[in-house]
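**Q** Make a model of the complete structure from these sequences and hints.
In numbering that gives the first Met the number 0, the protein residues as written are 0 to 374.
Derived by calculation from the structure, the hints in this document are not laboratory data. It is possible that part of the hints are untrue.
[Said to hold, decoys possible] Here are the simulated BS3-like pairs of lysine-lysine, each with C-alpha atoms no more than 25 Å apart in a straight line:
(1) K301 / K271
(2) K220 / K201
(3) K278 / K250
(4) K301 / K41
[As the list claims (entries may be wrong)] Beta-carbon label-pair distances, calculated as ranges:
(5) E365 / E94: 18 to 24 Å
(6) E365 / H96: 16 to 22 Å
(7) G150 / S8: 33 to 39 Å
(8) H349 / A276: 49 to 55 Å
(9) P154 / K64: 51 to 57 Å
(10) E295 / G150: 19 to 25 Å
(11) Q125 / K55: 28 to 34 Å
(12) P198 / D300: 32 to 38 Å
Since the structure is predicted, the reported quantities are computational estimates derived from the model, not experimental observations. No residue lacks a Cβ here, since even glycine has one placed at the ideal position from N, Cα and C.
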Amino acid sequence: MHIAVLAESHAGEDRVAATPDSVKSLVKAGATVTVEKKAGLKADYPDAAYEDAGAKLATRAAAIKSADALFSVRRPDAATLDKLKDGALLIGLLEPHGATDFARQCADAKVNALAMEFTPRITRAQAMDALSSQSNLAGYRAVIEAATLFGRAFPMMMTAAGTIAPAKAFIMGAGVAGLQAIATARRLGAVVSATDVRPAAKEQVASLGAKFVAVEDEEFKAAETAGGYAKEMSDEYKAKQAELVSAHIAKQDIVVTTALIPGRPAPRLIDKAMVEAMKPGSVIIDIAAANGGNCELTQADKVVEHNGVKIAGYSNLPGRLPADASQLLAKNLVNLFPLLIDETGALAPHWDDDIIKGMALTKDGEIVHDSLKGS
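**A** What follows is the structure, given as structure tokens:
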């Protein structure tokens, strides 16, 4: 099986889908790996390191031409899809929710596409779950960005000149990103609170030493899907939660929002009035900026200031840690590799396996994922 890894075509995307360590693992497993020259430079992986690991270096055109499979961080452009051979496999973070046009492009190009966002949330697939690995880094980086924008210290400091009070940080959403944000803010010395609509999150938040803030009514007790995602809440619940959160936010220095619903715009958690109730110098980091944002005033890829409150809408927080993000994504792909080959090492995705079934967008010129069929 011949795998190609290209430099990402999205502006500002510094991650790469293979590292020298992952190349070693893939070559040891019998794959041939071709890396586009300079593909890993922005993530601090030089060409020489890939060569030492057993990869071949090539131009973009040459790498695409020989590929049985393309490992990608994000969607390749249409020109790249068209140049892949019929039956080639594409794997990456393909932003698949509602992506009917992209799926149709893949089907028309006879490219078999697997979206890592659709990795089933089952125990056997945990080591392949790129969405979780990247979200973990996003939660960490969100707090680091908050500390950079915040004009004060996070921990309590007792000095001869007086005592500096600890920062108060509020994490909205206690999924993978939120839990890492809680842990990071606690390490930096902040007093941390958090909220989530999933009942299971309460115990997780408490285990990290943070206070849990939520309206815990009957709807709250049933607010989680079988797959572990948050459900869309009723307008009545949202109103009660907003009232509670509004009063809490007014006392916070740092707010990190992480709420996302797969295939839907990000839920609105913070309105303009809530921002205006916050103290000047406070910071909001909106991890959901790429999906419209949890804050009414968020602008994607910008830091805006309103009444002295900074609102940062970084849409690619994992990409701000390109070396580590690439390492984790590449390891997810290595763990998936055995499900992509047969006993001889040739390309042969295990289409009957639940993991591959769940990830598959297109196969043999057809759109096969249930959420996109009929498009």
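**Q** Checking each numbered hint in turn, tell me which of them this model violates, lowest number first.
**A** Failing hints: none at all.
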